[in-house]
Amino acid sequence: MPVRTPLYDRGAGVNGDADRPAHAVALGTDMSRVAERALIAAAEKENIREELRADARWTAGFVATHGYPFPVSMAMFMPEEGGPDYLNDDAA
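The working numbering puts the sequence shown at residues 1 to 92.
Just so you know, these hints were derived from the structure itself, not from any lab.
The beta-carbon is built from N, C-alpha and C at its ideal position, and this holds for glycine as well.
Be careful, since some hints might not be right.
What follows is a set of in silico ranges between Cβ atoms, one per label pair, in the way DEER data are often shown [as the list claims (entries may be wrong)]:
(1) G67 to E44: 28 to 38 Å
(2) A54 to D19: 37 to 47 Å
(3) T65 to L27: 51 to 61 Å
(4) H66 to V25: 37 to 47 Å
(5) A38 to G67: 36 to 46 Å
(6) L52 to T29: 24 to 34 Å
All chains, full assembly: derive it from the sequences and hints.
Structure representation (structure tokens):
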């Protein structure tokens, strides 16, 4: 049985294998398109992270101003440590 050669080495970086770009082009890969898609994906991920950070800031501000919107349900899901229901938590 022949030994299978891996398609790529996960441990090598872009500079780790000088033949990799030439090999990819020989296989018909459009390297500029791959790089463009990688940059777009990275920008989209950063946009999502910033939206999540903004949402977390808004939520923290709301809770600081108004308190938790449903304090009874929060107590059910997050009992106070040492409280009477701490070891008998039905939500867990």
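Results for each hint:
Taking 28 to 38 Å as the suggested C-beta distance range, the pair G67 and E44 conforms, at roughly 35 Å. Our hint of 37 to 47 Å for A54 and D19 holds, since their Cβ atoms are close to 44 Å apart. Our hint of 51 to 61 Å for T65 and L27 holds, since their Cβ atoms are close to 58 Å apart. A C-beta distance of roughly 58 Å is found between H66 and V25, which places it outside the suggested range of 37 to 47 Å.
Checked against the given bound of 36 to 46 Å, the beta carbons of A38 and G67, roughly 44 Å apart, stay inside it. Against the hinted window of 24 to 34 Å, the Cβ-Cβ separation of L52 and T29 comes to about 33 Å, which satisfies the hint.
The structure does not agree with numbered hint 4 stated previously, though it agrees with all others.
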